[in-house]
Amino acid sequence: MATTNTAEQPTRRDFLYIATSMVGAVGAVAAAWPLINQMNPDASVLALSSTEVDLTPIVEGQILTVKWRGKPVFISHRTKKEIEEARAVKLSDLPDPQTDEARVKKDKEQWLVVIGICTHLGCVPLGHEGDYDGWFCPCHGSQYDTSGRIRKGPAPANLEIPPYEFASDTAIRIG
Amino acid sequence: MAGHGEYQPKNPILKWFERRLPVLSFMHGSFVAFPVPRNLNYWWTFGAILSFMLVVQIVTGIVLVMHYTPTSAGAFDSVEHIMRDVNYGWLLRYLHANGGSMFFLAVYIHIFRGLYYGSYKEPREILWILGVIIFVLMMATAFMGYVLPWGQMSFWAATVITNLFTAIPGAGRAITQWLWGGYSVDQPTLQRFFALHYLLPFMIVGVVVLHIWALHHVGQGNPVGIDVKSERDTMPFTPYATVKDNFALICFMILFAWFVFYIPNYLSHPDNYIPANPLQTPPHIVPEWYFLPFYAILRAIPNKLMGVLALFGSIAVLAFLPWLDTSKVRSARFRPLFKQFFWVLLVVCIGLGYLGSKPAEGGYVIVARILTAYYFLHFLVILPALGYLETPRPLPASISEPVLPKTRAAAAMSTRTPVRKG
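Protein chains in written order, with numbering that gives the first Met the number 0: chain A, 0 to 174; chain B, 0 to 421.
Hints are computed from structural coordinates only; laboratory data are not their basis. Since we're looking at a predicted model, the values are computed, not measured. Honestly, I wouldn't trust all of these hints.
As the list claims (entries may be wrong) - Covered stretches of chain A (chain B as the covering partner; in silico rule of three or more C-beta atoms under 8 Å from a C-beta of chain B):
| no. | region |
| --- | --- |
| 1 | 40 to 50 |
| 2 | 61 to 69 |
| 3 | 101 to 108 |
| 4 | 137 to 144 |
Claimed, not checked - Taking CB as the label site, the calculated pair distances span:
| no. | chain 1 | residue 1 | chain 2 | residue 2 | range |
| --- | --- | --- | --- | --- | --- |
| 5 | A | A87 | B | I314 | 55 to 61 Å |
| 6 | A | A87 | B | Y353 | 37 to 43 Å |
| 7 | B | F311 | A | K105 | 53 to 59 Å |
| 8 | B | R83 | A | A101 | 50 to 56 Å |
| 9 | B | L345 | A | N36 | 24 to 30 Å |
Glycine residues also receive a C-beta, built at the ideal position from the N, C-alpha and C atoms.
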């Protein structure tokens with residue numbers, strides 16, 4: 000059996016080394032996955048998914064902040080003037096172009112529901128502030144309009160709309 | 000460089016031990032007989048000061064953990080409990096909180112020492128890169144530690160910094176939620192930051208061991224920046240460097256004690272004595288002073304992704320310094336142009352720190368943009384170009400030549416033990 004030609008490449012032994020180390024590497028990755036995935040949102044966090052909000056106490060011009068999935072959600076009862084301001088803007092003037100109609104529910108345009116997290120680095124913007132009557136983020140100066148769209152500052156995107164629906168005429172369910 | 004093996008314990012038990020594990024001769028070779036350049040100045044004492052600060056942080060940190068609760072409901076109260084009820088809790092917490100600032104003060108001096116004297120140049124590239132790694136680990140540790148008291152500044156610092164990762168195209172949101180363990184900074188985030196804040200200092204210890212190993216392998220640099228040529232250029236670590244390090248350490252401890260005992264909250268923010276509120280961002284959030292220059296760089300750039308890249312780039316560029324500086328001469332003493340640019344860089348970094356503490360609006364943003372541009376210009380354009388444009392001044396023949404008087408040097412040469420007389 001000692002007649003194996005050593006010049007012959009790759010040898011049977013090379014194949015075994017590579018195959019063994021490949022299996023070892025796959026095993027290491029498989030073993031690492033639970034260690035990494037344990038950090039993702041767990042079942043108890045995922046369970047906290049929906050919140051119902053009664054809209055009747057919110058007067059025109061008021062912004063209510065509710066908590067959903069640990070984050071603030073702004074429910075803005077917009078005035079006629081605020082709605083008109085939001086609809087008068089040309090799409091080409093917006094860094095993240097989106098119409099106001101696309102950001103509210105049909106026939107419910109007085110209700111704007113947005114996640115109250117600045118899309119820059121996650122601070123909570125202040126309502127009825129800034130040059131556009133919308134929100135102003137105190138951290139790095141991003142400004143949003145009455146439709147929650149980014150107008151000025153470092154934030155790249157509009158305030159996000161959470162998934163929600165009208166449970167009745169005066170209540171919404173977020174999530 | 001360390002010549003161990005020369006040391007032989009006299010005590011028979013130590014002799015027995017030494018034959019089985021030569022740790023005594025190793026320590027002797029590394030910290031007693033280890034030859035250090037005879038011209039080291041006080042800027043070279045910050046390595047010892049930093050080692051001391053690392054020990055202080057680990058020791059005070061371990062005892063604080065005995066009283067701290069890493070939950071979003073209990074963390075803030077447990078810190079107040081440490082301050083009011085635990086025996087000497089106030090002292091331990093103030094030592095740990097101000098110790099972080101002192102640690103950064105010392106590391107910044109240590110880094111600028113390295114920049115001035117060209118400590119990153121051949122053959123100390125790996126030594127320097129290990130130092131950059133320690134710096135990054137320190138920043139991560141300090142950030143996570145700042146989150147633990149779960150005050151308003153803790154919470155919003157955690158929110159802003161973890162949101163940096165949302166700038167990553169595509170996977171940004173998934174990565175951020177993975178870091179949080181939820182949809183926002185909350186209990187899971189606090190608990191994992193606590194675990195990592197406990198782990199990272201020990202990783203720093205590991206890298207520090209490599210850092211010192213690399214230092215002892217290539218030998219220390221020195222203010223003239225030329226290599227050690229003979230035994231006359233060096234002195235034994237003990238007592239010379241030991242005493243000098245200890246004297247500097249005591250001076251540094253006076254400063255540290257002044258902060259701890261007289262102005263313990265000077266470097267922190269009053270808002271962090273308000274419990275975390277996820278629904279309200281404080282009107283003016285700023286990081287701790289040691290992050291301000293990097294924060295200014297982040298805010299100077301109007302684009303989110305580019306801002307985050309500039310922030311990380313401003314640290315990463317340091318790791319490439321050994322290859323960006325093209326000059327063969329190490330010490331700024333012999334580089335007339337580089338010396339001026341060094342001081343400009345220092346002023347720019349302090350200026351960025353000042354701007355980081357100011358609101359991001361109007362003139363502050365414009366100046367921050369200019370200084371950010373200069374910061375990168377210094378490392379990416381000025382340093383590479385200087386090596387070609389600058390005519391360095393003549394270097395001395397040896398380390399001992401400018402410091403040892405000629406006659407004494409000659410006399411010293413004739414005896415066999417000149418080194419110990421320095």
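How the hints compare with the structure:
1. Chain B is given as covering the region 40 to 50 of chain A, and this holds because 3 residues of the stretch bring a CB closer than 8 Å to a CB of that chain, at least three being needed.
2. Check on the region 61 to 69 of chain A: 4 of its residues sit with their Cβ under 8 Å from a Cβ of chain B, so the three-residue criterion for coverage holds.
3. Counting residues of the region 101 to 108 of chain A whose beta-carbon sits less than 8 Å from any beta-carbon of chain B gives 0, not enough to reach three: the coverage restraint is violated.
4. Counting residues of the region 137 to 144 of chain A whose C-beta sits closer than 8 Å to any C-beta of chain B gives 4, which meets the bar of three, so the coverage hint holds.
5. Restraint check, A/A87 to B/I314: a C-beta distance of roughly 45 Å breaks the suggested window 55 to 61 Å.
6. The beta-carbon spacing between A/A87 and B/Y353, approximately 41 Å, falls within the hinted interval of 37 to 43 Å.
7. Range check, B/F311 to A/K105: about 44 Å between beta-carbon atoms, so the 53 to 59 Å window is missed.
8. Between B/R83 and A/A101 the beta carbons are some 54 Å apart, a value that agrees with the proposed interval 50 to 56 Å.
9. Between B/L345 and A/N36 the beta carbon distance is about 45 Å. The supplied range of 24 to 30 Å is therefore violated.
Checked against the numbered hints above, the structure breaks hints 3, 5, 7 and 9 and satisfies the rest.
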